[in-house]
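Participant: Sequence:
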Amino acid sequence: MDDELLRRDMERIAAQKNERMPTPMSFSGSAAVFAVLVKQSDDVALYVANVGDCRGVLCQDGDAIDLTIDHKANNPSEKARVEAAGGFVHNGRLDGILAVSRAFGDFAHKSGGHLIATPEVTWHTVSAADEFLLLASDGLFDVLSSQQAVNFIRRKLRNHGDVQLAAQELVLKAQEYVSHDNISAIVVCFNQVAS
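Residues in the sequence shown are numbered from 442 upward in steps of one, following the working numbering.
Some hints could be false.
List of simulated lysine to aspartate or glutamate pairs, EDC-like, C-alpha gap at most 20 Å [said to hold, decoys possible]:
(1) 551 to 511
(2) 513 to 536
(3) 597 to 622
(4) 513 to 617
(5) 513 to 524
(6) 597 to 524
Read the hints as simulated data drawn from the structure, not as lab findings.
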């Protein structure tokens, strides 16, 4: 599998969505994160891609490792990209409005390439040290750090071993902290998929 192939697929999806929109003045947008596991001879390769501020976090021997970078306008590399495209960042917001610098939709900000839907793709060879992957929306990470989320999931998996329930409990925990954004979480345990 090629990370360029994943990039092209995500760009194609964004273009198809653009074609179906009744008006170019849509002010709605969305971030996304996804993962693909590929069996390669004796190894399993993990590809993770994101657009926006959804995040992919690997738990490796209890440590949280961010596999994605949040595409926020206040991120120095994203700010430089936006400014090179003729846009601006004011108060940490793209064109003074959006917190994210990459997203699906938000067509009013797509002119000139200020806001793009091009994903960043990373890959990792799954090892015995890798416990699980967390894919989650920014509503979770607005109130919990990656390490706090990993610690919570590890504790729940030790208690009951139910991956889906652990993800649901993580969402409920984030809601207790009154996140003001949507909260979604998926947990993939590698000992269930690596063989």
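Participant: Please go over all the hints and tell whether each is borne out by the structure.
Facilitator: Hint check:
Of the supplied pair hints, the one linking residue 551 and residue 511 holds, its CA atoms being roughly 18 Å apart against a limit of 20 Å. Our distance criterion of 20 Å between C-alpha atoms is met by residue 513 and residue 536, whose separation comes to about 12 Å. Between residue 597 and residue 622 the CA atoms are separated by roughly 24 Å; this puts the pair beyond 20 Å, and the hint is violated. Note on residue 513 and residue 617: the hinted pairing is violated, with a Cα-Cα distance of about 25 Å set against a maximum of 20 Å.
Among the hinted pairs, residue 513 with residue 524 is consistent with the structure: their alpha-carbon atoms are about 13 Å apart, no more than 20 Å. Taking the CA atoms of residue 597 and residue 524, the gap is near 43 Å; set against the 20 Å cutoff, the hint is violated.
Violation of the numbered hints given earlier is confined to hints 3, 4, 6; the remaining hints are satisfied by the structure.
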